[in-house]
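Going line by line, the protein sequences match chains A and B. Counting in my numbering, the final residue of the first sequence is number 583, and the numbers go up one at a time with none missing. Counting in my numbering, the final residue of the second sequence is number 798, and the numbers go up one at a time with none missing.
Worth flagging that the hints you see were computed from the coordinates, not collected in a lab. Glycine residues also receive a C-beta, built at the ideal position from the N, C-alpha and C atoms. Incorrect hints may have been included.
[As the list claims (entries may be wrong)] What follows is a list of derived Cβ distance ranges for each label pair:
| no. | chain 1 | residue 1 | chain 2 | residue 2 | range |
| --- | --- | --- | --- | --- | --- |
| 1 | B | P788 | A | I335 | 30 to 38 Å |
| 2 | B | V516 | A | Q266 | 27 to 35 Å |
| 3 | B | V516 | A | S212 | 27 to 35 Å |
| 4 | B | E756 | A | I335 | 24 to 32 Å |
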Amino acid sequence: MKPDPNDPAWAWAPFQPDAARPWDLRLAAHLYRRAAFGGTWPELQRALSEGPQATIDRLVHPTPGAADFNRLYDDYENAAATSAGYGSQAWWLRRMIESPQPLQEQVTLFWHNHFGISNIHVKDNASLCRHIHVLRQHGMGSVEALLDAVLAQPAVWICLGARDNGRRSLSESSVRILMEQYTLGPGHSSDSDVREGARALTGWIISQGELRFVPGEYDAAPKKILGQEGDFDRKALVRILTTHPATGHWLAQKLVRWFISDTAKPSDSLLAPLAKQLTGDGSTAKGVEMLLRSNLFFSAEAYRQKVRSPVELALGIIRPLEGRTGTVRLAADLARLGQELYEPPTIQGWAGGLAWINSLTTLGRAKLAEALLAESGAYEGKLDPAAVAKRHGRATNDGGRQFLVDLYLQGDLGAETIGALAAGPSATGSVDTRAADPRQIAARLASLPEFQLA
Amino acid sequence: MHITRRDFFKETAGATSMLAFGSSVPAFLARSAAAMEAGQASREPVLVVIQLSGGNDGLNTVVPYQDDAYHRSRPTLRIGAEQVLKLDSSLGLHPAMPAFRKLYQEGRLSIIQGVGYPRSSRDHDAAMEDWHTGVLREGVPPGARSGWLGRAIDAACDPGKTDLRGVFVGEIKAPFSVHTERVVVPSIKSLEEWLPTGAAWSDSTRAHDSGPSSATSSGSPSLLAGVRSATANARLIQPRLIAASQAIHSQNAAAYPRFPLTENLATVAQLIRADLGIRIYFVELGGGGIGGFDTHANQAANHGALLRELAESTAAFVDDLNHDRLLDSVLVMTFSEFGRTLTESGRRGTNHGAAAPMFMIGGRVKSGLWGAHPSLTDLEEDAPKFHTDFRRVYATVLERWLNLKSEKVLAPGFAPLDGVLV
Numbered sequence: 130m131k132p133d134p135n136d137p138a139w140a141w142a143p144f145q146p147d148a149a150r151p152w153d154l155r156l157a158a159h160l161y162r163r164a165a166f167g168g169t170w171p172e173l174q175r176a177l178s179e180g181p182q183a184t185i186d187r188l189v190h191p192t193p194g195a196a197d198f199n200r201l202y203d204d205y206e207n208a209a210a211t212s213a214g215y216g217s218q219a220w221w222l223r224r225m226i227e228s229p230q231p232l233q234e235q236v237t238l239f240w241h242n243h244f245g246i247s248n249i250h251v252k253d254n255a256s257l258c259r260h261i262h263v264l265r266q267h268g269m270g271s272v273e274a275l276l277d278a279v280l281a282q283p284a285v286w287i288c289l290g291a292r293d294n295g296r297r298s299l300s301e302s303s304v305r306i307l308m309e310q311y312t313l314g315p316g317h318s319s320d321s322d323v324r325e326g327a328r329a330l331t332g333w334i335i336s337q338g339e340l341r342f343v344p345g346e347y348d349a350a351p352k353k354i355l356g357q358e359g360d361f362d363r364k365a366l367v368r369i370l371t372t373h374p375a376t377g378h379w380l381a382q383k384l385v386r387w388f389i390s391d392t393a394k395p396s397d398s399l400l401a402p403l404a405k406q407l408t409g410d411g412s413t414a415k416g417v418e419m420l421l422r423s424n425l426f427f428s429a430e431a432y433r434q435k436v437r438s439p440v441e442l443a444l445g446i447i448r449p450l451e452g453r454t455g456t457v458r459l460a461a462d463l464a465r466l467g468q469e470l471y472e473p474p475t476i477q478g479w480a481g482g483l484a485w486i487n488s489l490t491t492l493g494r495a496k497l498a499e500a501l502l503a504e505s506g507a508y509e510g511k512l513d514p515a516a517v518a519k520r521h522g523r524a525t526n527d528g529g530r531q532f533l534v535d536l537y538l539q540g541d542l543g544a545e546t547i548g549a550l551a552a553g554p555s556a557t558g559s560v561d562t563r564a565a566d567p568r569q570i571a572a573r574l575a576s577l578p579e580f581q582l583a
Numbered sequence: 377m378h379i380t381r382r383d384f385f386k387e388t389a390g391a392t393s394m395l396a397f398g399s400s401v402p403a404f405l406a407r408s409a410a411a412m413e414a415g416q417a418s419r420e421p422v423l424v425v426i427q428l429s430g431g432n433d434g435l436n437t438v439v440p441y442q443d444d445a446y447h448r449s450r451p452t453l454r455i456g457a458e459q460v461l462k463l464d465s466s467l468g469l470h471p472a473m474p475a476f477r478k479l480y481q482e483g484r485l486s487i488i489q490g491v492g493y494p495r496s497s498r499d500h501d502a503a504m505e506d507w508h509t510g511v512l513r514e515g516v517p518p519g520a521r522s523g524w525l526g527r528a529i530d531a532a533c534d535p536g537k538t539d540l541r542g543v544f545v546g547e548i549k550a551p552f553s554v555h556t557e558r559v560v561v562p563s564i565k566s567l568e569e570w571l572p573t574g575a576a577w578s579d580s581t582r583a584h585d586s587g588p589s590s591a592t593s594s595g596s597p598s599l600l601a602g603v604r605s606a607t608a609n610a611r612l613i614q615p616r617l618i619a620a621s622q623a624i625h626s627q628n629a630a631a632y633p634r635f636p637l638t639e640n641l642a643t644v645a646q647l648i649r650a651d652l653g654i655r656i657y658f659v660e661l662g663g664g665g666i667g668g669f670d671t672h673a674n675q676a677a678n679h680g681a682l683l684r685e686l687a688e689s690t691a692a693f694v695d696d697l698n699h700d701r702l703l704d705s706v707l708v709m710t711f712s713e714f715g716r717t718l719t720e721s722g723r724r725g726t727n728h729g730a731a732a733p734m735f736m737i738g739g740r741v742k743s744g745l746w747g748a749h750p751s752l753t754d755l756e757e758d759a760p761k762f763h764t765d766f767r768r769v770y771a772t773v774l775e776r777w778l779n780l781k782s783e784k785v786l787a788p789g790f791a792p793l794d795g796v797l798v
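Chain B with its partners taken away, still in its complex shape (with noise of 0.2 Å):
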């Protein structure tokens, strides 16, 4: 019998893995037979969806500069073709986005206009639960909805296994977008506060984890070995996430900007260097809550300030991964529950929208503008209408990034777009 050099690794791989591991190998062990056989690391995808909370003005953001309506409408709101970083002879972004022009010439971000859905709802509660869901209200009772990201999780999970897919990373409870039903999706504010202190921990388990134990003399040995499997999983991941989590506060310091955003994504990107397998990271800016980008009034300081987070946070992050090369593994996604109304208020603000822009950021996105922008002078009670439901972008992220097929998530017909990813 012939058996190949990848054959072999393949078999004793997983002979090795079934002993020490059981069901629940770590990513970068599993790999590690294919990678050296190909001379390369072969990651899967990783998507970050990153939650702008209250609703983001899609027009201040993605400006349609040369617009006389837009003009009209905002007179004291208005970014004019001075200011704004164009993109091209009509559109451009806000003045506190140079990291996102500079991406955008990088060919490394791509902006999806006019996203929105039939009937949209204007309340925050109910249009976030929209987007969360992927399901609109009317078809499940509420107690029976989960998350579109949880649907994709469970799905990307083996049953009985104790895999580990996805993740929220923040201060804030975890967003309904990543509520699953069957597995559970830990929510972190930061490695130092997730990680036991180390040698101590790993030390006492390792003597232990394949040891025979009286408890499993008597009784079906499953979900010990299930537990032992993943601590020792965890044993070997945990040096891998401490070394990481201190690397945050040494070299990477200067490179990243101080933004709670940005704590949040370099904390993501340890996580993803420490490859654990984890295919779905969740991030918010804004609160959570009604504030962030709900700008009632005064809206301009308070927008500048939270595009600039989203903005450097988002660069220092894409630096980040583009350093160790693990760009072209990652995308970005940001959302927002609803864009906002054309005209501004008397207060300086802007009301509850529709439509607004997605931003695609990654290694493997097309950069560009996605759509045409949504007309000035056809509105629905003074905002922007839709033209692309946003579950055809969940769909092209599911189909044509994570690899899943989108009716394990999503109603059927939603096809995915093209020209978003290459």
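The following block holds chain A by itself, in its conformation from the complex (with noise of 0.2 Å):
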């Protein structure tokens, strides 16, 4: 078959290296930044002799610990949310650091990003905690599942104007960002489907933080939605939604902007294929499993494709040094350059690709490279890059800098750059002996423009 991203077939058929592609650093850490926010050294050299498709088996299957993990960080989370600050925002950080699964965090703020909840409306971290983690529980399974539990919960109301809806307080408003953000995209729904979605909606009011269902308030006479009649609910409405092909389609789209390309304007028919995956009985799992497995995945359609988040700059820092750096000023830090977690501006999540950039956050990126990077000061130098040289057998008498270079960019340098990296002489004309420094090595590489890529 002839190498075409934008034939189906081609695109979504497994990703075999050969000759041209053959699977080396490079695309081992190109699956390891998008589905694991990085690999260790460890984790890299395994993917190399394991090969692709192996090493995704392991990246989306979960590990035997990986329950008791999420139990242990479910805890911690609910613990500190109880209080302000960014505490539980803090141990998740922590969790996508280190967890055993960290495919499950990227796709949780996938969802995150999707629904768009923010706590600057709901004004409760135990709240927004309890809402990931509903993102989290459901966000592998079925889309229809996962959309039930949503809207199951007081936040999501909150922050949809819907407080209550009862029989004579129907919010269309809410029901249009259901059908046009959350499910079927823009353009599928008419008036009438809004209007009479929101019928289907009625009976559920929040009254004392709790989302119940009072049935003098639920509208039981049939509704017309999508083409569809009958008596519909809630339930019924999430199943409409979520088994219609635009569903599907829309999410496809979504999750190829995620975890292929900010740039890639996939066409309807090379969607298709993994808008199946998505819809009725098909699960995120398989559909992300589909996209990580696929030659698309692996081409030049998305290498290097996607800007880094905020929080996908700092655990790209963090993961590959094996760390356990502090996360309360982190969570501080990156919310200070564009992604709080828990407060996606608006419904439609962050916006994304070039939009993190521009010429104070590039200084404050540097900035927080340098700062977790540093032997002393906010992030009290956990991250060690000469330790994890050493530990990996690859400290060297050039301060570890082609270890750090393979780690962090791979391929991806000029021998030119790699060389300004050991500077000599300064500007000033005097000798920069911390050129040589792998922590000062490690900064500068993770401030480059590259390193801003995913």
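Assemble the dimeric complex from its two separately framed chains, guided by the hints.
See below:
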């Protein structure tokens, strides 16, 4: 088959390395960046020896300890969410760093971005914490079960501006968001679908912080939604929406944007096979697995074609260096760079792509890299590139430079730049002795334009 | 073909910036051609918004010192003719604000009186949200809302480019006003904490900004080009910012009083001086949450201290900008989520109210009192009634200062105010 990223048959066929696209450090690191926020040296080495499909098996399937790990972190987050501040977001960041199943966290973040539920409006850390737990619990399963669980949460209805879905207080704007943002995508529902959909949601009222069903407020009369007729309630509406082909399409488009490319504009025919995995009996896990295994994922259409969000930037610095750096300060620093967990800007999520980047955020991102890798200061020097290089037998007299290039940027830098990293004379003419410091080399690498791309 | 010097400059500046900086040329470079031609700096207008959190007592800020109702209702909090800093025969500023009276006398301060909105909320969060969004709550679901300045920032940025048009400077979380849908508004505590330490960072990137990369050889180069352009840009502005942040702690240190607001405004002044193309700055006084101007009890000392901090910090900021002849391109606007009740409470404080004055300060404001002081005998639940919708003030700033169509930000129908700006 001829390589053609626009041909669904080629694009979705599982990637088989060949002479043109050998399975090398670049592609292994690409896979780990997208599916696991970055790989450690042992992870990348193991991936190289096992090959792409076996590595993806491991990334996709939960390890035996994952359930216990997540239960423990649920408790940490719940406890921290009872007070103000960044406590539970910090635990989530730590979970992303340490999870035995980082892909699950990447997918949880995808859904957080998709639903865009923000604590700016909910004003209750504990509710947001529960919301994220639901996204994690159902994020890999069927979209129908996920949406069922999401719509059972008061936080969602607060953000949608529909605390009371009573007979006389239909909230059409919230149903419009449910249809146009959460499921079908824009342009698939008529005013009448929205109106009838709102009737299906009647009966659900937030009282004393709980979403309760009040039978007297439920409109049981038949409805006609998206061509179907029946006495639909909320559960039935969720079924109608999540089995509609447009929903699979819309979610496929969003997943391609999230996992493959900020800039790709995939055609309908390209999206169709993925959309099918996400509709009806399919599951997000199957869809994500299909994405990761695909030729498309390992093609030039995907390679370095995403801008790292602040979260991905920080984790891309931290995870490869196997560090346990503090995350409370990190949560605050990421917020200043534009990505506050629990607070996506609107229900449309973070704009992403080049929106993360401007002259000041570029400086702020470089500063974050510098602070994370500094020997002391806010992050207490807990990342130690020299020790990591030594542990893996890569401590060399170049200050670990080649090791750090391999770990952070693989083959994506020109020799000239690599040379400049161990800068001789600085602008002032004096020899910059700090340049041979692995911490400084790592910080420099992490502030290069290439590193801003996932 | 006849080529004027100006055309030549445009051509070459355009070509150079396309190569070196892609889409986002730093403002100071983009303008150099035009500036050389005109022989002067022609800066884009900059707006600095100061939020007074908690509900500022307008009646003890701009004091109706001759009003019997005022004196009757405020047995301990009233400010008499002998203390007030007189603006005219009936109104004066709080005695802690000589710095503002001086600005007023110098022709740099305008007071818009009686600002509020219909059915205004007296709940901090709800009222603040109204002021922040500029759209009253019933219109849009919470999750779909954005800040009025956020929308202005979005509107001022070219889609797909790495423009920087808005910044929040402060310790607290960025208020909802600067909440955008598209672009990122950085929240900066201080330049010192924000900037990488300099030479090391810029040296290592310099060699690389325009170099080839295997990442570009295969796919579309647009993302990498965009990041490189922003990086080249950042590298150019970094020394300016470092110089600016050091200046805060040397020659200007004496001129700025030591208040948290002052520090933030000094940072804003340095960013303005560095000329990065930022059009909208947001700072805050009072803590962001409840507290600050929320003077339910023992108001006098608290309120005076806050007003002093506001007046002296702003005046120092104005002096600093004026020193560099930048004041004509800067407009400062203050707001608070509501004013307070006329009647003093038993705890020598005041409760949540409605209409209040707003200050406009800068080199191109028309000094004076705009609009009538609200009546103290025709009240709404013990608070002055508004005569000017705050969104008309926003429209004034958008249309007459930032040169943005206010329909891009606000609902239609809010006419800008005449006679506030010159």
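- Would you pick out the hints that fail for this structure and give their numbers low to high? none
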